[in-house]
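Undergrad: We have chain A already, so just place chain B on it with the hints.
For reference, the chains in residue letters:
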Amino acid sequence: MTEELSKYPLELTGGDVPMVRFKNVTKQYGDLVVLDSLNLDVAEGEMVAIIGPSGSGKTTVLRMLMTLETINGGVIYVDGQPLTHMHHHGRLVRASNRYLRQMRSNIGMCFQHFNLFPHMTALENCMEGPVHVLGLSKAEARERAENLLDLVGMSDKRDQHPSRLSGGQQQRVAIARAMAMRPKVMLFDEVTSALDPEVIGEVTNVIRKLVSEHNLTMLMVTHQMGFAKDISDRVCFFFDGKIEEQGAPDELFGNPKKERTQQFLSAVKEAV
Amino acid sequence: MSYFEFLSVNSTRFIDGTLITAMQTVLAATLAIALALTTGLMRLAPNALIRGIATVYIEIFRGTSLLVQLYWIFFVLPLFGITLEKFTAGFVAVGMNLGAYGAELVRGAILSVPRGQWEAALALNMSPAKRMWRIILPQSLVIMLPPWGNLLIELLKGTALVSLISVADLMFEAKQINATTFLSAQAFGTALVVYYVMARFIITPFMRWLERATARKLGKA
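Those sequence lines, one after another, are chains A and B. For the first sequence, the numbering used here begins at 1 and goes up steadily by one. For the second sequence, the numbering used here begins at 1001 and goes up steadily by one.
For reference, chain A alone in the conformation it holds in the complex:
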């Protein structure tokens, strides 16, 4: 492991450091290779949409960035620093829990099934991290949470528990909860997939607002092709653990070069 790691830089420096860089990142479960030597850069403030058939490894990309999955090879850099490795006597070694916690603070994530804390109100959900992780005072955290709930249009429901909220409302609270930690990188993992069709719009509108009002770096796994096309700066089509094709949304949706991309896009179109 150390032999292999020696070829990676300890950190990324220079004028053009990407916010996120995957360098030869591999993920496998036993014999099953989920991601095969993935290379992907995401610039600061860029919105990258990840599309592809299920099982293509797209969700794994986000889960690795959130450190919910370990990586089996390669290095991920966030803001120039290695994410799951750290320096030790001038070499990269597996990161300690302490280092991981420090790096993780750069990243926020929203999940397909929202995962709000059911024993807390919407407001408490959004205050939990700021108070108990960032150490903000209750008053500061409340102000921050209220502003964000306002941003996602959930101010009037702030004292409700998640069980009293619709899926779309829960997802909007979950977005506010993640934003309350002020991450540099936001990850959206199929955030509209569990929603009824009529409420998808309220969540995508919130994400649109984030894109236009905040200079966040975002990675979004989605099945909403129209949304991905509208909102992203770049689209990556994943197939079989690899990026099969990537490019500007107009380019990739309008004029896909690879056969698999064409097949996938036409299959999706037929489904709609």
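Hints in this document: simulated from the structure, not taken from any laboratory. All C-beta atoms, glycine included, are put in the ideal place defined by N, C-alpha and C. It is possible that part of the hints are untrue.
As the list claims (entries may be wrong) - Quick list of in silico lysine-lysine cross-link-like pairs, DSS-like style, CA-CA up to 27 Å:
id	chain 1	residue 1	chain 2	residue 2
1	B	Lys-1130	A	Lys-138
2	A	Lys-138	B	Lys-1217
3	A	Lys-157	B	Lys-1217
4	A	Lys-7	A	Lys-23
Said to hold, decoys possible - Derived Cβ-Cβ restraints for the label pairs, each shown as a range:
id	chain 1	residue 1	chain 2	residue 2	range
5	B	Leu-1049	A	Arg-98	19 to 25 Å
6	B	Arg-1208	A	Gly-45	51 to 57 Å
7	B	Pro-1128	A	Thr-13	30 to 36 Å
8	B	Asn-1150	A	His-223	42 to 48 Å
9	B	Pro-1128	A	Glu-11	23 to 29 Å
10	B	Gly-1116	A	Gly-201	20 to 26 Å
11	A	Tyr-29	B	Leu-1192	54 to 60 Å
12	B	Glu-1104	A	Gly-14	53 to 59 Å
13	A	Gly-45	B	Thr-1030	52 to 58 Å
14	A	Pro-9	B	Leu-1049	35 to 41 Å
15	B	Leu-1037	A	Ser-6	42 to 48 Å
16	B	Glu-1104	A	Thr-13	50 to 56 Å
TA: Showing chain B alone in chain A's frame:
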């Protein structure tokens, strides 16, 4: 002698015994809950030694008879220089025995909190201790309360064994009354009814109330 005469003659003994049984139950339950929480969490620790200690405790106290444990704590421990008063030995034995069952309830409940909750807490960068204490345990409480109700009734009935080391609990008094009056049906019948009333009209409603209160906290009621 009518049953009411029997009761009025022996009421003080029954009341005293019932109070001792209630005290044994409360103290044993407190000990059992504390032990169950600690060892249930220890069973989930990453450290093999910590897990091992909890496993040994659970195996010993769940795998052997409560009566034998009681005798060990009262009669054998003094040989090793640890002498407990009979009242203390009584609730310690019952508490340690039921705590071992409780540990598995705690562990099971923690593991059945949905994975997404652990992941969301990690995504908020919460420390493992905060994740457990603020996110996972409150939710596992709701899951484990109904089986705990069962366990506490089991515990109440288990305290009857402390009469065998002469703790003057309800069962002890019933035996004494039986020995002096020879009215077995009345003596043991009364004990039976009192145990039932304590289980059915104190423990069960209390647990139901707790379940409702925690469900309300989860916004489910």
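Undergrad: The structure should be examined with respect to each hint, and the outcome stated for every one.
TA: The hints, checked one at a time:
1. Pair hint Lys-1130/B plus Lys-138/A holds up; C-alpha atoms about 17 Å apart against a cutoff of 27 Å.
2. Proximity of Lys-138/A to Lys-1217/B is assessed by CA-CA distance (about 20 Å); at most 27 Å being required, the pair is judged to hold.
3. Between Lys-157/A and Lys-1217/B, the direct Cα distance comes to roughly 17 Å. Compliance with the 27 Å bound is thereby established for this hinted pair.
4. Our distance criterion of 27 Å between C-alpha atoms is met by Lys-7/A and Lys-23/A, whose separation comes to about 11 Å.
5. At about 22 Å, the beta-carbon gap between Leu-1049/B and Arg-98/A stays in the expected band of 19 to 25 Å.
6. Range check, Arg-1208/B to Gly-45/A: Cβ separation about 55 Å, and the 51 to 57 Å hint holds.
7. Taking 30 to 36 Å as the suggested C-beta distance range, the pair Pro-1128/B and Thr-13/A conforms, at roughly 33 Å.
8. Range check, Asn-1150/B to His-223/A: about 45 Å between beta-carbon atoms, so the 42 to 48 Å window is met.
9. Hint check: Pro-1128/B to Glu-11/A, Cβ distance near 27 Å, so the stated range 23 to 29 Å holds.
10. Roughly 24 Å separates the CB atoms of Gly-1116/B and Gly-201/A, a value that falls within the hinted 20 to 26 Å.
11. Remark: the range hint 54 to 60 Å for Tyr-29/A to Leu-1192/B is upheld by a beta-carbon distance near 58 Å.
12. Between Glu-1104/B and Gly-14/A the Cβ separation comes to about 56 Å, which falls inside the hinted range of 53 to 59 Å.
13. Between Gly-45/A and Thr-1030/B the beta carbon distance is about 56 Å. The supplied range of 52 to 58 Å therefore holds.
14. Hint check: Pro-9/A to Leu-1049/B, Cβ distance near 39 Å, so the stated range 35 to 41 Å holds.
15. As the Cβ distance of Leu-1037/B to Ser-6/A is approximately 46 Å, the hint placing it in 42 to 48 Å holds.
16. Under the hint 50 to 56 Å, the C-beta atoms of Glu-1104/B and Thr-13/A, about 53 Å apart, fit the expected range.
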